[in-house]
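Chains A and B, in that order, give the protein sequences. Our numbering numbers the first residue of the first sequence as 1 and each following residue consecutively. Our numbering numbers the first residue of the second sequence as 437 and each following residue consecutively.
It should be emphasised that the hints constitute simulated quantities derived from the structure, not laboratory data. Because the structure is a prediction, the values reported are computed rather than measured. Glycine included, each C-beta is placed from N, C-alpha and C at the ideal position. Any given hint could be a false lead.
[As the list claims (entries may be wrong)] Under the rule of at most 30 Å between Cα atoms (straight-line distance), these lysine-lysine pairs were calculated in the DSBU-like manner:
#, chain 1, residue 1, chain 2, residue 2
1, B, Lys598, A, Lys37
2, B, Lys659, A, Lys186
3, A, Lys108, B, Lys598
4, A, Lys37, A, Lys186
5, A, Lys186, B, Lys636
6, B, Lys453, B, Lys598
[What the hints assert, rightly or not] Sample of chain A residues lacking proximity to chain B, with all beta carbon distances greater than 10 Å (derived):
#, residue
7, Thr23
8, Asn40
9, Arg179
10, Thr183
11, Asp251
12, Gln293
13, His303
14, Asp385
15, Ile401
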Amino acid sequence: MRSTVPDERGHFGIYGGQYAPETLMAPLAELARAYDKFKNKRAFKNRLNDLLANYVGRPSPLYFAERLTEQLQGAKIYLKREDLLHTGAHKINNALGQALLAQEMGKKRVIAETGAGQHGVASATAAALLGLDCVVYMGVEDMRRQRLNVHRMRMLGTEVRGVDSGSQTLKDAINEAMRDWVTTVKTTHYILGSVLGPEPFPRMVRDFHSVIGEEATRQLKKQNGTPNPNVAIACVGGGSNAIGLFHVFLDQPGVRLIGVEAGGRGPALGEHAARFSGGRLGVLHGTKTLVLQDEHGQVAATHSISAGLDYPAVGPEHVFLKEKDRIEYTQATDAEAIAAFHRLASTEGILPALESSHAIAEALRLAPMLPADQVILVNLSGRGDKDVESVIAYDEEHQAIQAESGVPGSEAEAGTETYLDAATEPLEESDELGSN
Amino acid sequence: MTTQHINRVFEACAEEKRAAFIPFLCGGDPDLATTRLLLRALVKGGADIIEVGVPFSDPIADGPVNQRAACRSLESGTTLTKLLALIGEERAALGVPIVLFTYFNPIFAMGVERFATAAAEAGVDGVLCVDLPPEEAAEALTPALGRVDLAPIFLLAPTSSKERMRLVGESSRGFVYYVSRLGVTGAATDTGGDLGSDVKTVKRLCKMPVAVGFGISTQEQVKEVAEFADGVVVGSALVQLIETAVEGGASGEELVEVLYARVAALTADLARKKLLGIF
């Protein structure tokens, strides 16, 4: 399953491909050639691996969340700590790899899109390190909710361009980055930040992130005696951290793989970013995949409290692997993600990114149902400092709503118990949403 | 015989030793009722072929002017189905070939076969899908268009290799569309130095008429490009004109007058003779 996709034109079964404007076709072919050449060159690999070890901080730790496991009284929960990498998320694996490739290709300028800001910060960091000019496109709605990351990018010498078209989020940032690239492709490399877009991006981004799962399986063997978890869980926006964790396990049928999408505020179109329950096959941003859209093929608005999951399409390889019944997809609502955020903070002393909180939420649901000798491996793809303001705003709004409607006491009793309830309660609701 | 309609335009223009004038507007901008009037104005002003844009929510190949036009169109309730119905009502009276300028997703959502049938019935002559290169189209769209004799039209760009020029030539019917510069649709100050020789290369390798577009907005540019191209496409400049008039509160009739006057000026140097009535 791993070696056979994609084909030479980027198709994962009927998904993926190269649905790009003509201007980009030759540059995409050039990029694919360059990637295929350099990925196997010893000098390139050595340079990347050296930077990953000494600059990024790989391998990232694998951490047994003992207190959380004890509380849930079920399977053992291990966290792959991508949040501890330089810049605070897995995104740096890919950004650095592509920036090095851009340098090898003689490009002096890189551009990127960003939702949560983590890929933007990672690209800005790689650009600063390698002396490349960098422009990051970001929806103005995301600039508001991820303000800290906007400042970080600017301090790193990157120009952040706000995008105020459409939904003013990740989708529109990608539109604008593609428009830039069509104009500047001779001098510029587009560091696409997820397993999206036209060939060769989905496979290239996947390869740069597959180190996550490869490390995790080695670490798990060392710590727990067996290389395979029973379950591996990751959140899925475009799907890069999930592919990065899952890829090494695809050929291990005993490992259950679960991707968690953003259930947002509910199942109505526009209220979530759950492509596997609400999306239809379509073409967006250069690839054929599941897209949240109306009956006329216009792309729908999405909602998630997490900017990094707030996107109407999903990486084509994910859809392919769902079709093969290799990965299951479920979802966590805004409320469940927030509850998981608080739970991990108070139990383990870790503030997870709101994106990763969706994966934690699934682990909280699942762990109590599994025996204690089983292992759940969760990709903690990013850290939550950037989300502190969003969480405060969510909690305040929620307490205000509950106070107004006279629902007794969430504020006074908002300890661990309430968060536990919030995390486990919406299970039935989620089941209703989850079927295809 | 819809591909034939396009061929005949280029043949007739060749006989007159002039380039075809191909204006673009976004279907349904600001609404379909106005589009009906504007299409007529384009023909009256001298359009030989009309490119009608299908509005899409995420137009990655378009600049801000065409993005706003697509927004206005979608906000007024335009769908591909309604747009095809309008073209069906107007096509015979217009008397010039219609080429749809679209992204793939609206077609895909309708169903490619259903779309091809509906477009052919409406009298559409060609389809240009900006995010569908010939490699993907070979399976996804071209066979369906072929069954109803709609012309698949593909783009070439300054980055295209000679190999791609041959591929696009073999894959297209009617004409190929040469994107005159890197970038999205929209007005630019100049069209670049080597455009003439680039177009010559494209013509040689594609062996069919070449229309040039992207960033052509003035009468002088039309005249200059017409020296070496078989067709000249003017898009965003006309869309901008429509936007300015709409925002200024112009009535439908005033819009028609403004658009007609501009198109007539743009085509003034093409020394055109009366072409109407040959279809």
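So, going through the hints one by one against the coordinates:
1. Between lysine 598 (chain B) and lysine 37 (chain A), the direct Cα distance comes to roughly 23 Å. Compliance with the 30 Å bound is thereby established for this hinted pair.
2. A distance of roughly 29 Å separates the Cα atoms of lysine 659 (chain B) and lysine 186 (chain A); the hinted pair therefore holds under the 30 Å criterion.
3. For the given pair, lysine 108 (chain A) sits about 26 Å from lysine 598 (chain B) by alpha-carbon distance, which is consistent with the 30 Å threshold.
4. Taken as a hint, the lysine 37 (chain A) and lysine 186 (chain A) pair is honoured in the structure, with Cα atoms around 19 Å apart against an allowance of 30 Å.
5. At most 30 Å may separate the alpha-carbon atoms for a hinted pair to count; lysine 186 (chain A) and lysine 636 (chain B) meet this at roughly 22 Å.
6. Annotation: proposed proximity of lysine 453 (chain B) to lysine 598 (chain B) holds, straight-line Cα distance about 27 Å (limit 30 Å).
7. Look at threonine 23 (chain A): its CB is around 4 Å from the nearest CB on chain B, not clear of 10 Å, so calling it non-interface is violated.
8. The claim that asparagine 40 (chain A) lies off the interface holds: its Cβ sits roughly 25 Å from the closest Cβ of chain B, which is beyond the 10 Å cut-off.
9. Taking the minimum C-beta to C-beta distance to chain B, about 5 Å, the non-interface status of arginine 179 (chain A) is violated against the 10 Å cut.
10. Once the 10 Å rule is applied to beta carbons, threonine 183 (chain A) is inconsistent with being away from chain B; the minimum gap is 4 Å.
11. Distance check for aspartate 251 (chain A) against chain B: the nearest CB is about 30 Å away, which clears 10 Å, and the non-interface claim stands.
12. Distance check for glutamine 293 (chain A) against chain B: the nearest CB is about 7 Å away, which does not clear 10 Å, and the non-interface claim fails.
13. With a minimum CB-CB distance of about 16 Å to chain B, histidine 303 (chain A) clears the 10 Å threshold, and the non-interface call stands.
14. Every CB of chain B is more than 10 Å from the CB of aspartate 385 (chain A) (nearest about 31 Å), matching its label as outside the interface.
15. With a least beta-carbon separation of about 31 Å from chain B, isoleucine 401 (chain A) lies farther than 10 Å from that chain, consistent with its non-interface assignment.
Of the numbered hints stated above, those contradicted by the structure are hints 7, 9, 10 and 12, listed in ascending order.
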